[in-house]
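Numbering (this note's numbering), first residue to last: 1 to 84.
Misleading hints may appear alongside valid ones.
[To be verified] Simulated crosslink set (DSSO-like; lysine-lysine; CA at most 30 Å straight-line): (1) 19 x 76; (2) 35 x 50; (3) 50 x 69; (4) 76 x 35.
These aren't lab readings, by the way, just hints derived from the structure by calculation.
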Amino acid sequence: MTPVFANEAQILSRYLIGKDCSPAVAADFALAVDKLDIHLTDTEQNAYKKMLASSLLLRSVDSAMAITKSQSLIRKRIFVMVAL
1 MTPVFANEAQ ILSRYLIGKD CSPAVAADFA LAVDKLDIHL TDTEQNAYKK
51 MLASSLLLRS VDSAMAITKS QSLIRKRIFV MVAL
């Protein structure tokens, strides 16, 4: 099972649309991440945890990754939330 971080869906929802998602969407997010097997490496997990802790860092790193590493697994998790 691919781990989903505490409040990850809520944080990404606030980042993308400015408000919290419903519990059903958060559950769908966890299910989708698991089914798509978006498993982060240890290095990516550490970076992602820091991104989730800081909205400024989340915006900055996501923007930088869009240019330099658009196929990263971190961005894939963000895209899953966009889809939901």
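So, going through the hints one by one against the coordinates:
1. 19 x 76: Answer holds: residue 19 to residue 76 is near 20 Å, not above 30 Å.
2. 35 x 50: holds (24 Å)
3. 50 x 69: Roughly 18 Å between the alpha carbons, so the hint for residue 50 and residue 69 holds.
4. 76 x 35: OK: residue 76 and residue 35 at ~13 Å, within 30 Å.
Hint violations for this structure: none, all hints satisfied.
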